[in-house]
Amino acid sequence: MIKLSVFAGSLVLALMPLLAYAAEPCLPCHQEKSPGAVAQWQGSAHAKAGVGCEKCHGTDHEKMVKGEAKVGMKVCAPCHKKAYEEHRASRHGMGLHSGWGCTRKLPDRKPGECRFCHQEGDEAPRSDVQCARFLKQSPEMGEIGCNYCHSVEDACDSCHSKHMTDLKIVRDPNSCAKCHMGPDHPQWEMWQTSLHGTLNASAGRGTGPDCQSCHMPKGSHNVSIGLTMNSGGVPYPAAKAEPARAEMVNICSGCHAPSFARKELERNDQVRSQSLAILKEAEQVIWDLNDRGLLDPMPADRPPHPLSGPRLVTDSQMLYEDTSHIERLFFKMKKYDYARTVKGAYHQNPAYTHWYGNAELKMDLVDIKSEASRLKERKKGAAPAGVSEQQGAEDELKALKNKFDRGALSEDEYAKEKGKVLEKMR
Amino acid sequence: MIKLSVFAGSLVLALMPLLAYAAEPCLPCHQEKSPGAVAQWQGSAHAKAGVGCEKCHGTDHEKMVKGEAKVGMKVCAPCHKKAYEEHRASRHGMGLHSGWGCTRKLPDRKPGECRFCHQEGDEAPRSDVQCARFLKQSPEMGEIGCNYCHSVEDACDSCHSKHMTDLKIVRDPNSCAKCHMGPDHPQWEMWQTSLHGTLNASAGRGTGPDCQSCHMPKGSHNVSIGLTMNSGGVPYPAAKAEPARAEMVNICSGCHAPSFARKELERNDQVRSQSLAILKEAEQVIWDLNDRGLLDPMPADRPPHPLSGPRLVTDSQMLYEDTSHIERLFFKMKKYDYARTVKGAYHQNPAYTHWYGNAELKMDLVDIKSEASRLKERKKGAAPAGVSEQQGAEDELKALKNKFDRGALSEDEYAKEKGKVLEKMR
Amino acid sequence: MIKLSVFAGSLVLALMPLLAYAAEPCLPCHQEKSPGAVAQWQGSAHAKAGVGCEKCHGTDHEKMVKGEAKVGMKVCAPCHKKAYEEHRASRHGMGLHSGWGCTRKLPDRKPGECRFCHQEGDEAPRSDVQCARFLKQSPEMGEIGCNYCHSVEDACDSCHSKHMTDLKIVRDPNSCAKCHMGPDHPQWEMWQTSLHGTLNASAGRGTGPDCQSCHMPKGSHNVSIGLTMNSGGVPYPAAKAEPARAEMVNICSGCHAPSFARKELERNDQVRSQSLAILKEAEQVIWDLNDRGLLDPMPADRPPHPLSGPRLVTDSQMLYEDTSHIERLFFKMKKYDYARTVKGAYHQNPAYTHWYGNAELKMDLVDIKSEASRLKERKKGAAPAGVSEQQGAEDELKALKNKFDRGALSEDEYAKEKGKVLEKMR
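Residue numbers (full-length UniProt numbering), protein chains in the order written: chain A, 1 to 426; chain B, 1 to 426; chain C, 1 to 426.
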């Protein structure tokens with residue numbers, strides 16, 4: 001009797017997919033219209049578990065056709081709770097906030113986009129994080145150039161693909177490659193040619209770890225475990241960095257002695273702070289030119305920054321367009337060179353640390369200083385002979401006032417510097 | 001009886017390769033001199049079908065030794081008619097015309113090269129397409145740097161390798177990679193890290209399509225099916241673009257809903273026309289400097305352009321050498337940045353579209369405007385004080401005349417602009 | 001009786017690893033502390049042959065913990081004599097000498113580093129080769145950015161990994177990739193997309209050769225066989241080049257007709273000498289500016305070169321930091337563009353030869369000439385009107401004297417050039 005009921009139970013389990021198919025009203029049509037998607041679903045764990053079309057896509061066909069019924073993360077969350085929560089706690093869960101920007105100011109927004117910032121029916125955005133670089137793009141460039149990757153915040157299919165559930169796809173570092181590459185963060189490229197990546201290619205994952213080995217330990221969806229800087233490369237304060245470092249050392253110690261791992265990581269911390277200092281030096285040169293009114297063009301003479309208006313911006317909201325030559329050199333230093341040096345070091349890649357990173361950082365500093373010298377000389381050249389000494393002192397005083405106004409000089413320092421100039425004029 | 005003759009027929013078929021070998025007079029020598037080539041041929045479908053050395057190489061051994069008996073496409077055509085015709089109808093069939101350039105003007109041409117442009121014995125070339133950039137190269141650089149790839153026009157072994165016929169070689173996207181890569185058209189790189197390419201790596205060709213899947217559908221040798229711009233990135237006119245687009249949507253619809261495919265492609269068309277506008281803006285800056293005589297050096301003061309002489313060239317015949325700094329910036333925009341943005345979009349690669357493409361396009365525009373400002377100020381700086389106002393107006397009038405002469409101003413516009421300058425002078 | 005002793009002998013052989021394990025006093029502790037290393041050793045040929053921890057690491061545990069007991073090449077040499085000698089005869093055996101530089105002048109050197117230049121207990125270094133670029137780095141950047149690769153001189157585990165002996169790792173071109181890549185010598189990248197590399201991917205190593213096929217023929221550890229230029233790209237003199245060329249043609253002839261191989265290589269020699277000429281042209285422009293005192297900043301006005309002090313350096317000790325814009329352009333030409341052109345040609349990669357190489361070389365020459373023109377005009381602009389003609393002649397005379405002093409003009413040439421200037425002044 002028991003045997004029989006077990007058999008009957010097994011039969012039901014075995015037939016479940018078929019039952020699911022039979023009950024799936026979308027199939028007849030979609031086997032015609034999107035055979036690829038149907039076939040992928042049929043081979044998926046979802047089909048086997050009886051999770052059909054409506055479960056994820058809902059029933060409002062009109063909305064689907066209009067592209068307003070995207071299968072966001074909240075659709076997956078009820079069944080995949082742990083992954084959902086880990087994801088949201090990680091930097092991936094911030095994807096849109098760092099890249100999407102506020103859509104309010106752009107005309108022609110597509111329906112459905114609003115939900116990224118607004119609760120349905122709520123005019124006030126849930127978050128006011130905006131991205132100046134996104135705001136400068138056309139809707140089309142914003143879509144393929146920004147949101148293709150940054151929508152990872154709300155889209156499991158960023159990594160998992162749409163209708164397949166095969167874990168070999170998402171456990172392959174290639175699934176990370178399609179976003180984590182390029183001039184601004186070539187993690188894919190630097191891993192591939194690191195000792196880890198090359199051993200991965202020659203001797204397999206057990207010997208050469210991949211992205212997932214270190215950044216998704218034990219399958220965690222919190223990809224930010226063990227990181228000690230924010231996504232802009234700014235180091236965490238010690239109180240936040242230390243426990244994160246301990247986590248990473250723990251991950252490394254799957255293969256390495258913890259003392260070795262800690263020493264390596266600390267060496268890379270040094271590379272990071274040295275590189276930040278180079279960046280800072282360049283940034284000062286630009287602010288000094290701004291104080292002296294020598295940027296060409298000056299912020300007031302170009303289209304206003306989408307968030308800060310007609311002011312110099314060199315922080316994480318810095319633009320690479322509608323700017324001056326020297327600022328665009330600094331943009332490259334900040335977004336490309338610094339990232340390659342630091343990420344190159346943490347990924348143990350000599351060529352990225354030194355040549356794609358450090359050498360570019362220092363060569364761009366050379367170019368920035370040279371351009372600054374040119375801009376200063378231009379000013380001098382433009383002044384009629386005779387008046388130039390008097391003019392020079394006045395310019396100096398104005399630059400000092402600007403420096404004081406933006407808080408780069410204390411009241412004491414300002415007084416002292418002003419004194420020096422006045423002394424010389426006498 | 002029937003059975004016996006079938007058997008006899010099979011026997012002949014089975015022995016044919018052996019017979020071919022036996023009849024192959026080149027083997028005894030070449031098994032010694034080029035064992036690799038012999039072994040590859042022996043493993044090929046050609047050997048099995050009894051296609052021996054002479055069939056492709058002819059019998060004039062002296063010519064072969066001198067390198068004058070290359071196995072061009074016409075040798076393969078009689079047996080591979082469909083492939084030959086598809087190839088000739090495609091952009092591959094134009095390979096030499098776009099890259100080879102006319103060899104008449106170069107000294108020391110090698111015998112055999114003539115046939116690319118001339119029918120044997122005919123002095124007039126079949127085509128007058130020339131490539132200025134090719135004409136500037138040394139014969140050696142022209143050979144490895146240009147013709148290695150552009151000889152695809154006339155050489156099946158560009159893709160098929162020389163003595164092997166194994167289709168796995170030519171169906172591998174690697175066979176495309178060796179030409180379709182690099183700063184000017186990194187299709188290989190952008191595919192590899194696109195969703196298509198990464199799925200190809202993790203889940204195979206059925207899930208992630210490769211070059212051949214989309215550009216050689218059903219094994220067609222017409223690689224230009226479905227393209228809507230020429231090889232320089234200039235969009236086709238609507239009448240030519242629309243049927244091509246329909247072809248591409250049809251290819252996409254092997255996996256995607258046609259409406260989705262069309263929408264994606266149309267988004268990328270927008271990216272293309274926006275990028276063209278940025279390019280155009282930069283080009284105008286350069287022509288304006290040319291009108292004002294401010295390029296450094298001016299076209300008249302440098303080695304003449306091989307096709308256009310001492311004139312500014314910014315079209316597809318633009319050079320990257322013997323030019324000015326600002327023009328070489330524009331060359332990068334046109335050949336590298338624009339190509340990466342547009343091809344990046346059509347290949348669904350966010351990093352190529354945005355960072356390797358769009359961001360570079362906009363940063364180079366910043367640099368071009370900055371250099372233009374520098375060149376204009378230099379001129380002003382050079383003029384002795386007092387005469388500068390009068391001089392400025394005269395320069396302006398001359399620039400307007402140049403603009404009018406090259407057709408960038410209508411007669412009416414010219415008169416109006418001239419009027420404004422004269423008004424100011426009064 | 002004989003049979004029995006053979007059996008007994010086999011038994012001993014078979015048990016040896018077990019005996020080795022039993023005798024391995026480090027295991028109990030290290031199975032806990034570094035399980036990865038232990039497992040790799042257990043699977044290695046070393047374990048099978050009874051080569052245990054102490055054999056390589058010694059017995060001074062304190063030293064090991066401090067990182068002062070690195071397993072250098074001399075530890076491996078007694079057993080791997082042939083490989084050791086071949087390695088030392090090759091460019092790999094010079095790794096540290098070309099990249100490490102002298103550590104004497106740097107503070108805070110770590111114990112153990114000294115041995116790279118000094119015999120133990122000997123104050124005089126074995127070699128005085130130093131690297132100016134290394135001397136400019138922080139100890140941390142020097143470690144990951146320089147020595148990670150250059151320590152190949154003394155470290156078999158650069159390629160062989162630490163505890164594994166699996167030859168599939170070291171026969172995989174990936175083991176070369178981790179150093180032979182990047183902007184300055186992208187051999188890995190150019191091989192991958194060459195005909196050789198793409199055939200390797202599609203048809204295997206037998207058809208498409210890899211790094212080891214050509215540069216480590218028959219497993220030789222002399223990786224410099226057949227090279228005809230030094231590591232800076234300077235061609236060997238004929239007497240040294242010719243036998244090396246014969247070696248390489250011999251390697252090629254495993255697949256190609258020797259006459260074909262030689263012709264190809266000679267074509268690439270031409271590309272090399274043409275590219276050297278372009279480099280030389282740019283170098284002259286910079287030395288001329290230096291003679292005229294027009295570099296910005298001049299060598300005397302910047303931190304002194306670590307080896308040459310306040311003097312212009314454009315040879316292999318050239319820096320990319322603390323220099324002028326125009327010199328840093330030349331650094332790129334020399335280290336990146338030239339290397340890509342020449343190595344691209346020898347690796348049969350059209351895109352590296354032409355676009356990443358030759359085109360960059362020529363575009364950087366354009367930029368260098370343009371910057372030189374700007375620097376000269378700046379000087380003129382700065383001179384007060386009226387005195388400029390007299391001043392110009394004096395500058396010219398001073399530049400000629402500098403040129404003569406550095407040996408770029410013979411006494412006769414100097415006299416003649418001086419005469420011309422004086423003639424004009426009259």
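Honestly, the hints are just simulated from the structure, not real lab data.
It cannot be assumed that every hint is accurate.
What the hints assert, rightly or not - Listing some non-contacts, in silico: residues in chain C with all C-beta distances to chain A over 12 Å:
(1) His80
(2) His92
(3) Pro183
(4) Phe260
(5) Lys263
(6) Glu264
(7) Lys332
(8) Lys420
Said to hold, decoys possible - Once the Cα atoms are required to be at most 20 Å apart in a straight line, the calculated DMTMM-like pairs of lysine to aspartate or glutamate come out as:
(9) Lys263(C) x Glu377(B)
(10) Lys70(C) x Asp184(A)
(11) Lys376(A) x Glu377(B)
Unchecked claim - Just so you have them, the derived chain B footprint on chain C, three or more residues with Cβ under 8 Å:
(12) 249-259
(13) 365-379
Each residue gets a CB set at the ideal place from its N, CA and C atoms; glycine is no exception.
Hints the structure fails to honour: Of the numbered hints given earlier, those the structure breaks are 3, 7, 9, 10, listed in rising order.
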